Amino acid sequence: MLDRRRTLKLLAGGAIATTGMMFIPADPVIADIRRQGKKRLAMVIDLGRCNGCKACVVSCGIENGNLPEEHRTQVPQHSVDLNGKQYVLNMPILCNNCDKPSCVSVCPTGATFKREQDGIVVVDSELCIGCNYCIQACPYDGVRFTHSATGTVDKCNFCIQRTSRGLLPACVETCTGGARVFGDINDPESELSRLIRQHRPLVLQAGKQTSPNVFYIGLTQDESNRAYSINSPQTWQR
Amino acid sequence: MSEVHWGLLVAAYLFLAGAGAGALFISGALVLSEKVVHAHHWSTAKFSAIAGLLLLMLGTGMIVFDLTSFQYGIFNGDMSKLLRFYRLFMTFEPSSMMSIGTWLLTLAIIFALLFCFSFKRRNQETFTNRGYALINLILAVCVASYTALLIGDIKHNIVWSNSILVVIFLVSAISSGAAVVLIVKTWLKQSDPHHHFAKADSMVMLIELFVLGIFVYAIANVSKFYGLDNLLGMATSAGKIWWLGAVLIGLLLPLLLNLTSIVGRVGVSHAKEYGIAALTLVGAFCLRYSVLLAGQSY
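Order-wise, the sequence lines are chains A and B. For the first sequence, counting from 1, position 103 maps to 103 in the numbering used here; every step adds exactly one. For any residue, its number in the numbering used here is found by taking its place in the second sequence, counting from 1, and adding 1000.
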C-alpha cells in the first residue's frame, strides 16, 4: 500500500526522470552503438564549419534524382539570439539513420529496414506501399517524404550506391566548408571517431531514444532538444 | 510537425471502421441477449449487421485508396503501383500495428459476412448464429480499439500516444454503432414507447462525455509541460472541429434531444431519431478528424 509520502517521492522521481530525458548527451548513444562492435556508418556535422551554401542540398538532389522541392537533406537557416545579438544557425537536417529507428518497427510490409552490414536504414521502394506510417512514426519532421516520381517513401540512406563502393556520400564530398564528416563509428582510427572523441557532439532530440547516427558539433543542449524540421521556414534575415 | 500526411480520408477510414464495428457489436449483443424474440428485433439485428459489414468494407476501401500507392497508380497509369496494396494483405509484421490491424479487419469482414449469411438459417441452426455473434462481438471490440492503437503506436506523439484514446474510440464506436442501429430501427418503422433505446444511447453518450473530459484534461496538462498552446484550444482548426463538431454537434445536442424525450415522456418521432443518428455520426467523424489533425500540428 502506498502512503502519501511514498507516492509523492515516486511522483517526484518520475518528474526528475522525465525531465532528465531531455538532457541526454550523445555519449551513451555512442557507447551503445560501439558495444555491438559492428560496422556502423555515421555522420558528424560541425556547425562551426557550415556556411549555409547548400551545395550539399544540390549535390544530393542530383545524385539521388530528387525534384528541386523534395529534399533528402536541407539546411534551414535560423536566427539565434546570443548576448543580445542576432546570429545565423545553419542547421543541416537529414535522416538520422537511427540505431533504434522508430520507422522500422511500424512498417507493415517490411519495406523499411536496417542493414545488418553497416546500420543504414533503407526503404525498399519495391516493397513500400506508400502508407506514410513511417513518416508519422519518425520524430524528425520532413526527413522522410513521398517521392512524387515513384509514389513511395524516400529518405537519406547515406548514398548507399556510393558508400557501398567505398565512396563518400554526395553531400559530404561537396561540402564547401568541410562541415560534414562521414565514417565508421566503430573504427577508432577514422576521422569521425577522432572528432567524436575531441568534441563530444550532441544528437537531435536524444529524449526520443532512437539513438541517431548523425552527430552535431557546436550545438547547445537547448538547441539539440528542439524539434527542427527539414521544411522549417528560413528565419534568418540579414 | 508541419505537414498533414493523414487527412480526411484517413479520418473517414477510422470513422467507418469504428461505426461498422459498433453496429456489428450491437447486432451481436442483440443476438446473444435473450431479447430477440420478436421478428422486428431480428430484422434490426440482421440489417444492422449488414450495415456494419458494408461500413467495414467501405472503410477498408478508403485505406487502400488513401494509404497505398493506389492513387498514384491511377493517376500515372502504373499497374504495378495500382495493385501494390496486396502486399498489405500478404505480409504479416507483428511489430507493426497497421499490419496487425489489416489482418484484424480482414478477419472481421470475413466473420461479419458469415454472420450476415447465418441470419438466413435462423430456425434451423440458432447455435451457429450465436457463435458468429460472439465472434463478431469480440472482433468488433478489437477493430474499434485498433483504430486508436494504430495512431497510439506512434510513441513520440503526445496527442496520439494517450492511453485514454483507446477507451474514447471504443465508446465512440459503440455510440456511432448505436446511431447506425437507430437509422435501421427507424427505417424499419419501429417505435420505442418506453425509450429503452434512447436511455441506453444517452448512457453511452454520458460515458463518452466523461472520457472526453479526461482526454482534454490530459492534453491540456501535457501541452503546458511541453510549453505548447493547448492543442485542442479554439485557436487551432483541430480545436474548432473538436469543440464544435465532436463535443457540441456530436454529443451535447443528441444527448439533449434524447433527454428531452425521456424526461418529457413524449414519443420520439422518426424525424427526430434520424436527426439524433445523423448528429452522432457527424460527431464521431469530427472526433477522429480533430484528433488526427491535433497529432500532426504540434
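No lab work stands behind these hints: they were computed from the structure. Hints are not guaranteed to be accurate.
The list that follows gives simulated cross-link-like pairs (lysine-lysine, DSS-like), each with its CA atoms no further than 25 angstroms apart [said to hold, decoys possible]:
| # | chain 1 | residue 1 | chain 2 | residue 2 |
| --- | --- | --- | --- | --- |
| 1 | B | K1240 | B | K1224 |
| 2 | B | K1199 | B | K1155 |
| 3 | B | K1189 | B | K1120 |
| 4 | B | K1272 | B | K1199 |
| 5 | B | K1199 | A | K100 |
| 6 | A | K114 | B | K1240 |
Since this is a predicted model, take the numbers as computed values, not measurements.
Now the hints, each set against the structure:
The suggested pairing of K1240 (chain B) with K1224 (chain B) holds, with an alpha-carbon distance near 19 angstroms, which does not exceed 25 angstroms. For the hint pairing K1199 (chain B) with K1155 (chain B), the CA-to-CA distance comes to about 38 angstroms; that exceeds 25 angstroms, so the pair is violated. Straight-line distance between C-alpha atoms of K1189 (chain B) and K1120 (chain B) comes to about 22 angstroms, which keeps the hinted pair within the 25 angstroms bound. Distance restraint check for K1272 (chain B) and K1199 (chain B): the Cα-Cα separation of roughly 15 angstroms lies within the 25 angstroms cut-off, and the hinted pair is therefore satisfied.
The straight-line distance between the Cα atoms of K1199 (chain B) and K100 (chain A) is roughly 50 angstroms, outside the 25 angstroms bound, and the hint therefore fails. Distance check on the hinted pair: K114 (chain A) and K1240 (chain B) sit about 41 angstroms apart at the alpha-carbon level, beyond 25 angstroms; violated.
Checked against the numbered hints given earlier, this structure breaks hints 2, 5, 6; the rest are met.
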